[in-house]
Each structure stands twice: as C-alpha cells, then as structure tokens.
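Protein chains in written order, with the working numbering: chain A, 1 to 290; chain B, 1 to 415.
Check each hint, because a few of them may be wrong.
In silico DSBU-like cross-links for lysine-lysine, where the CA-CA straight-line distance does not exceed 30 Å [to be verified]: (1) B:412 with A:45; (2) A:39 with B:412; (3) A:45 with B:310.
Partial pick of chain B residues on the chain A-facing surface, computed with a CB cut under 10 Å [as the list claims (entries may be wrong)]: (4) 96; (5) 158; (6) 185; (7) 186; (8) 190; (9) 243; (10) 244; (11) 310; (12) 356; (13) 395; (14) 413.
No lab work stands behind these hints, which were simulated from the structure alone.
Where a beta carbon is used, it is the ideal one built from N, C-alpha and C, also for glycine.
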Amino acid sequence: MSDWLERHVPKMVLAPSFAAILLFVYGFIAWTGWISFTKSRLLPKYEIIGTLQYERLFISPRWDTALNNLFIFGALFIIISMILGLILAIMLDQKIRTEGVLRTIYLYPMALSMIVTGTAWKWILNPGLGIESVVRGWGYESFSFDWLVNPEYAIYTVVIAGVWQASGFVMALFLAGLRSVDEEIIKAAQVDGIPTSRIYSAIIIPSMAPIFLSSFIVLAHLAIKSFDLVIALTGGGPGYATDLPATYMYTMAFSRGDIGQAASSAMVMMLVVFAIVVPYLYSELRAKND
Amino acid sequence: MKITHILAAASAVGFLASTTAMAGPEAEVLHWWTSGGEAKSVAVLQQEFSDNGGTWTDMPVAGGGGDAAMTALRARVLSGNAPTAVQLKGPAIQEWYEEGVLADISDVAKAENWENLLPAAIAGHMKCEGTWCAAPVNVHRVDWIWANAKVLADNGISLPTTWDEFNAAADKLMAAGITPLAHGGQAWQDATVFEAVALGILGPDGFRKAFIDLDEATLTSDAMIAVFDQMRKMRGYVDGNFSGRDWNLATAMVMNGEAAFQIMGDWAKGEFMAAGKVPGKDFLCISTPGDGYLYNVDSFAMFAVKGDDKKAGQQLLAKLIMGKNFQKVFNLNKGSIPARTDVSLDEFDSCALLSSQDMATSNSNGSLLPSYAHGMALRGAQSGAITDVVTAHFNSDMSSADAVKMLVEAVKNSM
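Model the full structure from these sequences, guided by the hints.
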C-alpha cells in the first residue's frame, strides 16, 4: 500500500495543475491557432478558410512597423540593459561601503509597474513639460529633445524607459553571478600580477555564461510581451509609429472586431518566442542528458 | 444519475422562483457612460424606467472608449446570456445582428411612429434588414469648428467658410504667434480632422462614395490627393507638442486663447459650457467649410432575451429612450441634440439650434452623412484601416500620392 502511495501520490498531486496547464495554455494556443485560419470578425467562427489572415497580416504596413519596432526595441533593450547591468554589477562588486543602499536604489525600478514607468517617462520626455523645456528654461533656447513626438525616434524613447526599468534587475543577476565565481581563482590570478581588467575579461565574465543566457531569456520575453509600457508612454503613437505586435493584436481583437487577424498576429508572436526559447530548452535538455 | 435529477429539480425550482419574484419589466443595460455628465444622463433613464414599474440592472463598464464594454459583451453573448440593451452604434449594430443575437422591436417602433420622427439616414442605422433593432439616443455633429471669439476679433479674422479662407486665417495667426489649430495627436482625432476636410473637399457625394461605398475611383481621385494636401497644411498649423494630447486639453487651449480653432464634435461644447463660457460671445461654433453634416449617433441595441419580463423590459426601455423627456434631458447634459425631430429646443443653446437646423436641411438634400471617424459609416476593420493611413500620413512626411496608394491597399486588405 505504501509502495503504491509512494508511486502514485506525486502524480495525483500534480495532475490537476497539469490538466489546467494543458487546457488553459496549450488548449488555448491550439484554439488561437485554429481561429487564425478562419474568417472570424466580432465573434469566433470555426470554418477554416486557409491562410488569408496571414496574407492580410504580412501586407499590412502597420504590422510591418510593429514587427520592425519589436526587433529595434528588443535588440536595443536587451543589449543596453545587459551592458549597463554588467557595468553596474562590476562597479558594485568593488567592495564599496554603501553597496546595500546602492543595490536597492538600482533594483527599485523593477518594483514599479510598467504603467508607472511609462507615465513618468512620458512626462519627462514630453517636450513641453520635461527635459526639453527645463533645458530651454536654463537659457539654451535651441535645445531640442523631441524624440517622444517624432515618429522616427519615438521607439527609442520606449527603449530608454524599458532600460531604466530592467537594467537594475540585470545588475542583480550579474552581481549574484560575480559573487559565485570561485575566489581562489581570482586570488591566484591576482598573485600572478594579472591586471583587474584582464581578470574580468578573461576569467570572471566567461565563467558567467549561464547568467548571460538566463538574463537574455528574461529580457527577451519582457521585450516580446511588452504592451503596458508602450500604452502608457506613447499609446502606440505618434500615428502608429511605436506599435508593437502585442499592441497590434490588442487593437485588432478588442477595438476593431477582427479576431481572426488578431489570432494570426498572436501566432506569429508565439513563433518569435519559440525561435528564442526552443534553442535554449534544447541546449538545457542536452546538457542534462550528457 | 441521481445528481442530474437533483440539479434539474433545483434549476426548475430556481426558475419558478425567479419568474414569480420578478413580475415587472426587467432590463439589464450595458453601457460605458460613466463620467460625470453622462452618468447623470443615464440616471434619468434609470429613474423613468423604475417609475414605470421596471427593475433596472445597471452594467456600466468603463474604459478604452467602449473596448472594455465590448469585451464584456462578447463574453456575455458567447455564454448565451446577453444583456437586454447595449450601448452600440453604427454598423456595429448590423454586425451583431448578423451574429443572430439581436431582438426585433418593430412593435414599439411602429406604435411610437419612429419612422416619421427620425431623419431617414439615422433611422437606417436602427434597422436590421427591415426590422427595428436599436433605439437612438442623440445626434452629435462631428464637423464643427470651435473658435475663440476674442482671438479672432483681435486678429481681424472672421469665421472661415472655405478651406482657402481657413488657410489664410491660419497663416495670419501663425504670423501673430498664435497656434491656429488646437489638436491632439491621437489617431481618432487625426481621423476627425481628416473627415471634416474630406467632406469639404470631396463634397457630400464624394464623401459617400469614398467612406460608405469604399469606391476605388473616388479613393484614388485627385480630390482625395487634395484632401491629403490639406491635411499636410493642417499638420503645419498645430503646435509642436500635440502628440498624445487628449481632446479636452486641446479644447482648453482654445478656451484660454493659446489656440484659435479646434475641429471636434460637439462634445467639445460641453467643455466650454462647463468652464462657464457663453456660445456666440466667448466661443463661436460653425460647421467646417463645405456642405454636409456628419453625425455620430449613440444608440442602444436590443439583444434577444428570454422570458416575458425581460421582453417587457426591453419594450419599455425602447419606448422611454425615444421618449421626449429623456431625449431632451439627456442631450442638454451631453451637448448633443435629440435624435427625434419633434422635441422642443427652447432650452438648448445657439450651437445646438444651428446643429438642428443644419440636420433638417441636410436631411432634405441628402447630405446627412455618417461619421467614419466615429464608427458610424464603416465597420471596425475598414474604418481602422483608413485611420491607420490617415494618422501615418499626418505624423510623417509621406507624400499625398503615397498616402492615397496606401489608402486603397489598406481598404482592400481589411475586407
């Protein structure tokens, strides 16, 4: 009896959440996939008509902008957050006295909701209220910083706000990584008279490769599902210059009654996520099997 | 087996209980009129409904300009439990009708003689394949210019009646250091200015062909290029800080003399009134240059419900919505004019009177047209596709010819 329990209780305990995930995650992914091949408008319809929604999606200039923005935003957001995070972590790692306070200060933005970040930066970057008007108030009349209202540059303001929010978190990850490097190796290198910069570039940073990977995964999924930041900061504007796939999907599904189109954009977003996550899972699983 | 018996018995008892307890008319109303003046207006209807012995269940869903309410509606309809009446407008009514979920209220409409009380164009929106399925609440005019009287007088400018006059006035104001056009850079506001310009330049017939029939020849015509040219000029008349500004902040700019004009529907009047400004003295209203009248009509669509008490509630509600008293009180609060044409306008202001006169004239000469920017002319996917092009053009340096090309492709792609 106890043998039987030992073998089956874990399965029974896990079964409800397994079933729930099966339905609410994979079930609804399948449902969305199905809807993306139909002509659903206001309400879902189930008659398959082929790849029309995907054809519509890829000739839509707005989707083009959204996808381009995702790549611009995603790449800059991930790279800048990681570089800044790494620099901050290395500086904090110099055994300075107020480390605890500074760490908290840098980590705090992560505790804010994206809506708060977006709204605050909207005011800071607004040419009539924020930086531009302050600097002009100091007497530099020709100073101009109107990225927020300039369709060419507006997407970079989203990057600024996103980086501000996420780099502290990346710093915390890297700091933990820096601390986990074996002290003995570092001391040995110091005894050999190797300069600190070389210790970092040749020993510490290479040994942190797994941290880079996990922070990349965290940032990448933050970037792809970014929605609230854009809504609060620019509302997708000027025009639709800062639309991201997530805001495109929302507009189609909830403002325009075009569920089929929204479903096809959701499927494309999911494929983008898979393109990033699957290689990661593959490498993880292979590492375990070895 | 046993459980199903118990469930069946329980639901039967529940059903009996509910039918006996609720004998009077019943209505559940889904709307997003939750802000001050609007909530007050709905409360009037609610009061009248309960005075007539009905039970009103309020279901206000705020947020997203109705997007949140539409999401709630979708969930309710899919679960087979639609509300009695829902704030819906324009072709969205027919879109829901095609899903087979709307009720037929022709009995009330015939008894109350709606056919003769409503302008034909507006009555058309309330019908689904010949039967009445919705009741109109108000008529907002969209193609208005609101102007600051003092700014115009100081600069020796009279209200423009052609777009050339508008441009000349705007250039003069620019030279005087005043922002000619108060505007908020949100897609729907860009679209509002666009349709006013389009109505002026294309004329009522051209507007009908372009934004109701989606006629390709009109969409690619030289006149349409001229519309985008004028939009490019309008872009030059707004201040540098317009992106994302809400419409009421733009109205405030006109109010305090920072800007001279705003092109906006007559809900802007409510802002002027709330600030204690007097029409004709502090601020002026005139229709945008050109013939025609663009309307934005709010209405309640009636959904198919089960049970006699709910059906009775629906009929009562429809009757009250079109009642003279509600039409008057609601529209005094909201800044619009009554949809039915036989309501006394004694208590209304001069702009509302002008709106009512113009509605009657344009109704008789066929230039009473639905606003595309406010979802009266086209379905969501098509009007959204047009707005995308309008706002992309307005917020970039795209040429008018490219915009027209993009417009046709976007319309095709949205079908």
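Tell me the hint numbers this structure goes against, listed in increasing order. 5, 11, 12
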